[in-house]
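Enquirer: For reference, the chains in residue letters:
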Amino acid sequence: MTTDRDILARQQREALQALLAQNPPPPGMDPAQIQHTAHVLQSKRRHEARLAAPLLAAGLGDSFTEEFDDFAKRVPYPRHGGPAADAALFGDHLRAQGLLPDHAAYEHMMLKARTTRRVQFRVVGPWAIFIVRVRGRIFSRRFWLRRGSR
Amino acid sequence: MAEEEDAEVAVAIEPITLPKLGIGIGWRPELAVYIDRDPSLTFVEITAEHFPHRRVPPALDRLRDLGRTIVPHGISVSLGSAEGFDRDSLKLLDDLAKRFRSPFVSEHLAFVRAGGLEAGHLMPLPRTRAALGVVVENIRRAQDGLSVPLAIENISALFAWPDAELSEAEFLSAVLEQTGALLLLDTSNVYANAHNLKLDLRQFLDNIPLDRLAYVHVGGGIESPDGKYHDSHAHPVTDEALSVLEELCTRVDPPGVMLERDDHYPADADMRAELRRIADAMLRGKQKRAGKP
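In the order they appear, the protein sequences are chains B and X.
So that you can map any letter, position 15 of the first sequence is 15 in our numbering, and since no number is skipped, the others follow by simple counting.
So that you can map any letter, position 111 of the second sequence is 111 in our numbering, and since no number is skipped, the others follow by simple counting.
These are calculated hints, taken from the structure and not from any lab test.
Model, not experiment: these values are computed from the prediction.
Here a beta-carbon is modelled for each residue, glycine too, at the ideal position from N, C-alpha and C.
There's no promise every hint is true.
Unchecked claim - To spell it out: a stretch of chain X is covered by chain B in this simulated footprint if at least three of its residues, at any positions, have a beta carbon under 8 Å from a beta carbon of chain B; those stretches are:
| id | region |
| --- | --- |
| 1 | 53 to 61 |
| 2 | 81 to 88 |
| 3 | 109 to 123 |
| 4 | 147 to 160 |
Stated by the list, open to error - Okay, derived cross-link-like pairs now, DMTMM-like style, lysine to aspartate or glutamate, Cα gap no bigger than 20 Å in a straight line:
| id | chain 1 | residue 1 | chain 2 | residue 2 |
| --- | --- | --- | --- | --- |
| 5 | X | K288 | X | E240 |
| 6 | X | K198 | B | D30 |
| 7 | X | K198 | X | D226 |
| 8 | B | K44 | X | E49 |
Using the sequences and the accompanying hints, generate a full structural model.
Expert: What follows is the structure in structure tokens.
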């Protein structure tokens with residue numbers, strides 16, 4: 001037996017699939033409104049990621065929009081953590097392709113430590129960076145690895 | 001018969017005394033210094049999701065110690081989700097309310113996720129009796145998990161669902177009546193829906209339970225080149241949005257009114273002027289209510 005909750009679940013699922021996964025609009029919905037809403041959601045997601053990761057945005061410069069939109073097509077918005085978690089995922093996406101600028105590495109690690117993974121360790125250029133979140137507080141240390149080249 | 005059925009689902013709403021909040025603002029780190037320096041701001045609203053680990057800046061504890069009210073506000077509980085709301089987000093709201101001894105918390109009449117997808121934004125609900133039943137059940141369950149009252153906020157809808165059985169005012173009123181929840185009225189969202197979806201804002205204000213009004217949001221916005229109004233919270237409050245606040249104040253004296261600003265933070269003098277415009281709109285509405293020219 002189909003309940004009211006089942007019906008609403010289907011309506012909501014179909015609406016979000018149209019807005020976020022390029023599915024056709026559900027019957028009766030105005031395609032122009034759906035297209036406009038999809039554009040607003042995408043713009044908002046990109047803008048919030050830009051605010052959450054300003055060093056990354058500066059590092060990518062004019063290519064930020066193109067890179068982010070490519071990422072957003074492949075990676076859905078995260079369930080938890082909001083724009084900070086989304087920006088961390090974007091950093092992961094870039095890093096996997098070797099496109100994460102070095103100067104944005106620390107920011108990326110901080111975003112991850114704040115949202116998804118409590119402990120972060122990475123070697124970036126001559127630095128070893130260690131970040132940990134303990135009961136909501138972030139502690140970080142950097143260690144210089146190369147002697148004599150500073 | 002219909003009236004009898006409605007009477008069965010309506011909860012017994014006990015009269016409550018709503019605290020007088022005054023003029024407030026959405027607390028953001030970028031505004032912390034301004035808020036500290038402006039004693040006319042008697043309450044602040046915090047977005048719960050900004051403090052996922054429950055660690056809050058000392059500035060907020062200081063505000064609370066100075067007697068300013070702090071209201072936790074949620075954006076990801078998703079009270080309208082058919083799949084059920086997010087209990088962790090609700091617990092976060094409640095934990096913050098306990099910490100700051102808040103009079104109530106607030107969330108939206110909306111859904112933000114379905115079928116494993118996150119919208120990242122507040123989505124409107126179909127205004128059907130079926131959807132009404134689901135959201136009422138969700139809100140009642142949410143209220144069971146809260147130690148303080150819950151206020152429900154109207155959203156600005158980016159799209160309209162087909163086959164609406166209830167007007168926006170009827171839908172919102174039924175939710176409040178059947179759950180006993182308070183009302184957080186966003187006047188800029190009322191303007192946005194009037195402008196974008198041709199809602200009659202006066203009729204809307206006339207038909208919602210203003211006696212449940214806990215406080216009011218006023219946010220800045222901008223009209224895009226395609227003629228749509230965007231509730232951006234990044235621009236000054238428009239005269240049109242302020243006129244909705246004025247219209248509201250011809251009907252009721254809101255217990256609290258606050259400015260929402262999330263980006264492009266203005267200089268202190270401009271912020272003061274923005275708050276002054278809000279206070280002036282309230283005064284104009286109040287004078288009209290009192291029959292003064």
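Enquirer: Each hint should be assessed against the structure and marked as holding or not.
Expert: Status of the hints after comparison with the structure:
1. 53 to 61: holds (count 3)
2. 81 to 88: Answer holds; 4 residues pass the 8 Å Cβ test.
3. 109 to 123: Contact hint for the region 109 to 123 of chain X vs chain B: holds, 11 residues under 8 Å.
4. 147 to 160: With 3 residues closer than 8 Å to chain B, the region 147 to 160 of chain X meets the three-residue bar; holds.
5. X:K288 to X:E240: holds (17 Å)
6. X:K198 to B:D30: Status holds; Cα separation ~15 Å.
7. X:K198 to X:D226: It holds: about 15 Å lies between the C-alpha atoms, which stays within 20 Å.
8. B:K44 to X:E49: It holds: about 17 Å lies between the C-alpha atoms, which stays within 20 Å.
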